[in-house]
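> Chain by chain, the residues run as shown.
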Amino acid sequence: MLRIVSTTGVSVPVKTCTQRVAHGVATTSSSRLGSGRNKRTFSSSVARKAAPDVTLTVDGKEVTVPAGTALIQACEAAGSPIPRFCYHDRLAIAGNCRMCLVEVARSPKPVASCAMPAMPGAVVLTNSPLVHEAREGVMEFLLANHPLDCPICDQGGECDLQDQSMRYGSDRTRFHEIAGKRAVENKDLGPLVKTVMNRCIQCTRCVRFANEVAGVEELGTTGRGNDMQIGMYVEKVMDSELSGNVVDLCPVGALTSKPYAFHARPWELKNTESVDVMDAVGSNIRIDSRGTVVMRVQPRTNDDVNEEWISDKTRYAYDGLRFQRLDTPLIKSGDRFEPATWQAALEAVTQGLINSGAEGNQIKAIAGQLADTESLVALKDLVNSLGSDNLALDNAKGDAIPFHGVDVRANYLFNSTIPGLDEADVILLVGTNPRHEAAVANSRIRRSWIHTGLEVGLIGEKVDTAYGYEHLGDGAQAVLDFVAGKGPFAEKFKNAKKPMIIVGSAMAEHADGGAVFKALSKYVQANKSKLVTPEWNGFNVLQRAASHAAAYDIGFVPSAKAASTKPKFVYLLNADEVDPASLPQDAFVVYQGHHGDLGAQLADVVLPGVAFTEKSSTWVNTEGRTQLGRGAVSAPGASREDWKIIRAISEFVGTPLAYDDTISLRDRMWEISPTLVRYGVAEPTSPDVALAGLAPLGTKTKDVAISGAAFKKPISNFYQTDPISRASVTMAQCTRSFVKGEDYGLSGSDKASHATFA
Amino acid sequence: MLAATRAAARARKLPISARALSSSSKRQSDALFVHRDTDYNNSKIPFAFTEENMKKAKEVISHYPPQYKKAAIIPLLDLGQRQNKGWTSISVMNYVAQLVEVPPMRVYEVATFYTMFNREPIGQNFVQVCTTTPCMLRGAYEILDTVKSHLGGIKVGDTTKDGKFTLVEVECLGACSSAPMMAVNDDFYEDLTPETTRKVLDVFKSGSKPKVGPQAGRHTVENSAGLTSLTSKPYGPGEHCTPEFQ
Chain G
1 MLRIVSTTGV
11 SVPVKTCTQR
21 VAHGVATTSS
31 SRLGSGRNKR
41 TFSSSVARKA
51 APDVTLTVDG
61 KEVTVPAGTA
71 LIQACEAAGS
81 PIPRFCYHDR
91 LAIAGNCRMC
101 LVEVARSPKP
111 VASCAMPAMP
121 GAVVLTNSPL
131 VHEAREGVME
141 FLLANHPLDC
151 PICDQGGECD
161 LQDQSMRYGS
171 DRTRFHEIAG
181 KRAVENKDLG
191 PLVKTVMNRC
201 IQCTRCVRFA
211 NEVAGVEELG
221 TTGRGNDMQI
231 GMYVEKVMDS
241 ELSGNVVDLC
251 PVGALTSKPY
261 AFHARPWELK
271 NTESVDVMDA
281 VGSNIRIDSR
291 GTVVMRVQPR
301 TNDDVNEEWI
311 SDKTRYAYDG
321 LRFQRLDTPL
331 IKSGDRFEPA
341 TWQAALEAVT
351 QGLINSGAEG
361 NQIKAIAGQL
371 ADTESLVALK
381 DLVNSLGSDN
391 LALDNAKGDA
401 IPFHGVDVRA
411 NYLFNSTIPG
421 LDEADVILLV
431 GTNPRHEAAV
441 ANSRIRRSWI
451 HTGLEVGLIG
461 EKVDTAYGYE
471 HLGDGAQAVL
481 DFVAGKGPFA
491 EKFKNAKKPM
501 IIVGSAMAEH
511 ADGGAVFKAL
521 SKYVQANKSK
531 LVTPEWNGFN
541 VLQRAASHAA
551 AYDIGFVPSA
561 KAASTKPKFV
571 YLLNADEVDP
581 ASLPQDAFVV
591 YQGHHGDLGA
601 QLADVVLPGV
611 AFTEKSSTWV
621 NTEGRTQLGR
631 GAVSAPGASR
641 EDWKIIRAIS
651 EFVGTPLAYD
661 DTISLRDRMW
671 EISPTLVRYG
681 VAEPTSPDVA
691 LAGLAPLGTK
701 TKDVAISGAA
711 FKKPISNFYQ
721 TDPISRASVT
731 MAQCTRSFVK
741 GEDYGLSGSD
751 KASHATFA
Chain Y
1 MLAATRAAAR
11 ARKLPISARA
21 LSSSSKRQSD
31 ALFVHRDTDY
41 NNSKIPFAFT
51 EENMKKAKEV
61 ISHYPPQYKK
71 AAIIPLLDLG
81 QRQNKGWTSI
91 SVMNYVAQLV
101 EVPPMRVYEV
111 ATFYTMFNRE
121 PIGQNFVQVC
131 TTTPCMLRGA
141 YEILDTVKSH
151 LGGIKVGDTT
161 KDGKFTLVEV
171 ECLGACSSAP
181 MMAVNDDFYE
191 DLTPETTRKV
201 LDVFKSGSKP
211 KVGPQAGRHT
221 VENSAGLTSL
231 TSKPYGPGEH
241 CTPEFQ
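Order-wise, the sequence lines are chains G and Y.
Numbering follows full-length UniProt numbering, in which position 382 of the first sequence is assigned residue number 382; successive positions increment by one, without gaps.
Numbering follows full-length UniProt numbering, in which position 34 of the second sequence is assigned residue number 34; successive positions increment by one, without gaps.
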């Protein structure tokens, strides 16, 4: 059994060190769905409110920390690092590794600093002979059952146990057991996490992560004492879109990355700090590369976005960057593509534009979800300079002005911001499954749901969100009912202090989207005292494509007139979700992108661009936070940076763009919207502007009868949503084992409990 | 040196279970801490409390606040184990999890932590021989060996072929004052000697139940040599008092 010492409860974001109010919530309400999974199974004690700071002395240094802070954090604040294995500041406290022992004056024994709250006036020593001896002793016990297989262990070089045994451990062994060490069977957790359970030191970080953050309540500890082991007891895979994080959390080599196994050592890798583009969260990542190959993707801490988690798609889809790449320009001749030089390809594009006879709005540009902001700006400028307004996105209804409009940023952004999810007390999800559309942000909802009294309502397809919710209906009628204040959830929402509406990006693609946005905008305006205030904007649209926020920011949408024009020349920029039927047969199609996916098949000329790991480009996440991705490896073959390709075309077609380098291009971006070059911040929209932006949605939209069609989840397979993840072998394996459930799964009863959700 | 020690040990006729070589025993549990689906133990085998047990279960659950239903896991597992012929199958665990509304893993954790939940089927009579220090000093290993040989040479952890007995070695069951002892099912058989052990087992073999408690003539844990103090007749009320109080 997991022993959780709840001296400080669970650390909610580090910024807000004061404790959040936690209730042991009784979930007896019969309206709750299903059983098991959607129960709040963790209970934490009620936190003390507004506690004063405490001052204590650590190694002779005085330090002041908020009351309730763990001693280990206080020591850290005083500049005395404490070795630890089980303690992790984003997980509950377990206190079972004993590595963090410190000496506290007048305490008879060394104290586990992670499980001890900082006390006023305490005198703490972290560097005394007693502490040294304690650490050495603990290390000896940990190593007693740890195989000394560092040379063949993937954690080598980034292993906490290795590092700490070098620093704090004894320089020789007293271990002379003839019977050998404990042996534990390896577990099959699926295609992502490799287990070598002999190496496990039972810190239970993975168990706590799985249960608290990821919502995999099947992971736990079985047995006791020397026989204790981590696992699921029954044979099962770890079905979670966040499972890769346990690899990072594991302080030893017990859980390592299966796709990366034996591929590289950490000291061989070049680290490049970048931004993820697999969803619109914009998780901060570190791309580890060797030579021209991306070896792995690791999370980078950013408390405002992804904390220190990333989704499995972010982490493991990188092998897709090696397959199906377009590395040379291609010109279609007959039914096959012929490799060509850039000169020939660009001439073919120019010729195609002339031959198609396209004029004005007949020139259409369609951008996909992996288009970076620079190339979107360049493409829009190019198309505009050719006299066309026909700019579309490749999603459904992407070739019309979206229902939410793009005049005011607040209409299509996640205005409460991702950290705002921690503060909300009632959340309404409309036509979205955040678990798949923004996996990392979803973990915040789950955390809030476990530790506070957060209530969640969902309108749309019933899905397993990793937390319990009230299902209010499948379609637009439920939204209208909610707006009309029908039902207990609407009542709760009215009484909430920080209510939050999250509208999925799929709503802009649904036939009833107009009616939904109209109803919700009216609702927001009617309840603006709570929903739109200077401190809180509770109206959110959750984008799921990395490029869309930027595309709306720069106005990459067609004019009403252009939208109805039949194109003769179509330029696909990373557009791989485009409906082939929407392209006229006789149109000349150019595809620019990095993967030979759907879009390239439709093209007459293919221009090889580069993937996000190969270019330095700007990405705007769903909150409107602009972040800079950085190129980690060089582009394959003859491929070129995307905006440069468009710049070259502009030269060929005779309307050269006004920028020749990144700096002048970013100046142009600043002209369009200064937010595009203000990196790292999500600029809030003022309440007046936000309301002014919502007002037309309520008035302009015509009253149309709703079709009543159910809202469908836009992502049916989390692991394959874009050209990179579709080309990835790892993601294909995940699809097999998690989505299709092949080769795995023994337990019949658990299948049944899943069925209540899925 | 080592050979000499061993020879000496042999000469002294140490009990069979003496540990000769490694500096400490190879501590391994006799039970697996993962579940393997078998035809007798898989989650497809249905399990549900009988009406009577359901009543008891509800009573147990009612002792705890509704959000802490999980506090009832141990008593409910015990109830399930009793209903399920003395062992806790995966179906029992799943059923309890469903009853107290926790993920099944939380129940697996409990069931694997406590050694008295048998996760494999056992015989009709569950023989638990205590070998902790006081019993060991009083000859527990002799008792253990007697049980082994008397049940047809089975090993610790085994069940006899006829399915009547399962033998396990357990830690202290709290009857040190009448060591050595063994527990068969829920009852203690104390003050054992190899002869009485055989007798107890024979009675079980024949299908009936022997007298519970010390097997050496004692009633409970009183001095086996008879009373040594307080032997005189206890005085009644008023005795030794002045007459007015008599």
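In case anyone wonders, no lab produced these hints; they're calculated from the structure.
Any given hint could turn out to be false.
Stated by the list, open to error - As a list, the in silico BS3-like pairs of lysine-lysine whose alpha-carbon atoms are at most 27 Å apart: (1) Y/Lys155 to G/Lys181; (2) Y/Lys199 to Y/Lys85; (3) G/Lys740 to Y/Lys44; (4) G/Lys181 to G/Lys462; (5) Y/Lys155 to Y/Lys199; (6) Y/Lys211 to Y/Lys233.
As the list claims (entries may be wrong) - A short list of chain G residues far from chain Y (calculated; beta carbon distances all over 10 Å): (7) Thr221; (8) Glu235; (9) Ile331; (10) Asp335; (11) Val408; (12) Leu480; (13) Gly555; (14) Val653; (15) Arg668; (16) Tyr679.
If you're wondering where the values come from, they're calculated on a predicted model, not measured in any experiment.
No residue lacks a Cβ here, since even glycine has one placed at the ideal position from N, Cα and C.
> Now, for every hint given, state plainly whether the structure supports it.
Hints, one by one, checked against the model:
1. A C-alpha spacing of about 24 Å is found between Y/Lys155 and G/Lys181, which places the hinted pair at or below 27 Å, so the restraint holds.
2. Taken as a hint, the Y/Lys199 and Y/Lys85 pair is honoured in the structure, with Cα atoms around 25 Å apart against an allowance of 27 Å.
3. With a C-alpha separation of about 21 Å, the suggested pair G/Lys740 and Y/Lys44 falls inside the 27 Å cut-off, and the hint holds.
4. The straight-line distance between the Cα atoms of G/Lys181 and G/Lys462 is roughly 48 Å, outside the 27 Å bound, and the hint therefore fails.
5. Proximity of Y/Lys155 to Y/Lys199 is assessed by CA-CA distance (about 20 Å); at most 27 Å being required, the pair is judged to hold.
6. At most 27 Å may separate the alpha-carbon atoms for a hinted pair to count; Y/Lys211 and Y/Lys233 exceed this at roughly 30 Å.
7. Not every beta carbon of chain Y lies more than 10 Å from that of G/Thr221, the smallest distance being close to 6 Å; the non-interface claim is violated.
8. A cut-off of 10 Å between C-beta atoms contradicts the statement that G/Glu235 is not in contact with chain Y; the least separation is 7 Å.
9. With a minimum CB-CB distance of about 57 Å to chain Y, G/Ile331 clears the 10 Å threshold, and the non-interface call stands.
10. Distance check on G/Asp335: its Cβ is at least 52 Å (rounded) from any Cβ of chain Y, clearing the 10 Å threshold; non-interface status holds.
11. G/Val408, annotated as away from the interface, keeps every beta carbon of chain Y farther than 10 Å; the closest lies near 44 Å.
12. No Cβ of chain Y approaches the Cβ of G/Leu480 within 10 Å, the least distance being about 34 Å, so the stated non-interface status holds.
13. G/Gly555, annotated as away from the interface, keeps every beta carbon of chain Y farther than 10 Å; the closest lies near 48 Å.
14. For G/Val653, the non-interface assignment is confirmed: its Cβ lies about 61 Å from the closest Cβ of chain Y, beyond the 10 Å cut-off.
15. For G/Arg668, the non-interface assignment is confirmed: its Cβ lies about 54 Å from the closest Cβ of chain Y, beyond the 10 Å cut-off.
16. With a closest Cβ-Cβ approach of about 42 Å to chain Y, G/Tyr679 is found to remain outside the 10 Å limit, as its non-interface label requires.
Hint compliance for this structure: hints 4, 6, 7 and 8 are not met, and every other hint is.
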